[in-house]
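Modelling step: build the complete structure from the supplied sequences, incorporating the hints.
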Amino acid sequence: MSGLVAVSQTRIVLRRTPWGFRIMNQSSSKAAGSKVPGLQAQSSKVPGETLVKAGATREAASGPAGGFDESSLLARLRAGEERAYDEIAEKFAGLLYGTARRMLGNDQDAADAVQDAMLGVFRNIAQFDGRSRLSTWMTRIVINKCLMKLRTRRRRPECSIEGLLPTFKDDGHPTKWTCHWRAENAMDREQTLALVREKIEELPDQYREVLLLRDFQQLSTEDVAEALGDTPNAVKVRLHRARQALKALLDPHLQVDA
Amino acid sequence: MNETDQSMTCKEVDSFLMDYLEGELGPREKLLFEGHLGECASCARYMEQYQRTIQLGRDALASGPDHGDDPATGHVPAGLLDAIKAARQAHGS
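Protein sequences, first through last, are from chains A and B.
Sequential numbering from 1 applies to the first sequence in the numbering used here.
Sequential numbering from 1001 applies to the second sequence in the numbering used here.
Calculated directly from the structure, the hints in this document are not laboratory data.
Each hint should be verified, as a subset may be incorrect.
[To be verified] The following label-pair restraints were derived from C-beta to C-beta distances:
1. A:Q108 with B:E1024: 37 to 45 Å
2. A:G130 with B:G1035: 52 to 60 Å
3. B:R1028 with A:A234: 21 to 29 Å
Since the model is a prediction, treat every value here as computed from it, not as a measurement.
Heads up, the beta-carbon is just placed ideally off N, CA and C, and yes, glycines get one too.
This is how it looks when you write it as structure tokens:
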């Protein structure tokens, strides 16, 4: 499979407006690294780009393709049937957008990632060999697009979460004892999960991404390190801090008497 | 903690917590870690809440309004499908 895919000079850009998203053309002469993952486990040698290994993504994240005839849609796509392109986008854009939104934390970047991913799907549909579900293959593609965006963002200074981490005295005792959380109550479970989603979004990018890749997509530490261009140890430290910060953000809401 | 220490501090428990949960602590450290948890209610509570945080995070992300088992149920922002179509036509895919 080819490496870089030259992106043409015209890019369709989706911009968020108070009335929803609006399509705009944007001229660009930049060739973008746009290698789309195949089904072989591999690492990209293209700078600034990493591939999620096959089988590494959380299968449930992609959901079943049930309810429609995947092989028929594939055949129509491979035959270049115009309507089939619309159908695959209609069918899977929501799934891809949900994944991208969680990884990137904002609507605009998520929409861009989905658009890039769908173009990758259209270009590379001939390489899809059916060894995984179509939704899984497409989810991997959008994750790779998100990782490329995250890598770009990582050039920005890292936000500090020091204030959310436990602190200790010289003798190793905590400066503050752990509060008591109330027991889980099925009645307010949905409310709690909504709160957790909100707090995950409050985490700085560098912490949210590692939490999503390790705890949600369930990639291995090594895969996350490769994807983010970090060492496995740096990923472990960041993940530990991300979990601690999330817990600290939840403390005021889940502690007894909250 | 050093070679002669027979206990861990709360700070050391914090630094070993993830390795403990992932089964990566050596036998000696594991013993000391568990010994500390047996005596320190605050650290035991912290670990329980840390584990609950991980699980809540997984459950929350797997159940969001724009995430379902059926791909068709995902939320699609207005204009995204049109943008995808326009981009495809512009790129000649």
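Right, here's what the structure says about each hint:
1. A:Q108 with B:E1024: 37 to 45 Å: holds (39 Å)
2. A:G130 with B:G1035: 52 to 60 Å: holds (53 Å)
3. B:R1028 with A:A234: 21 to 29 Å: holds (26 Å)
In summary, this structure violates none of the numbered hints.
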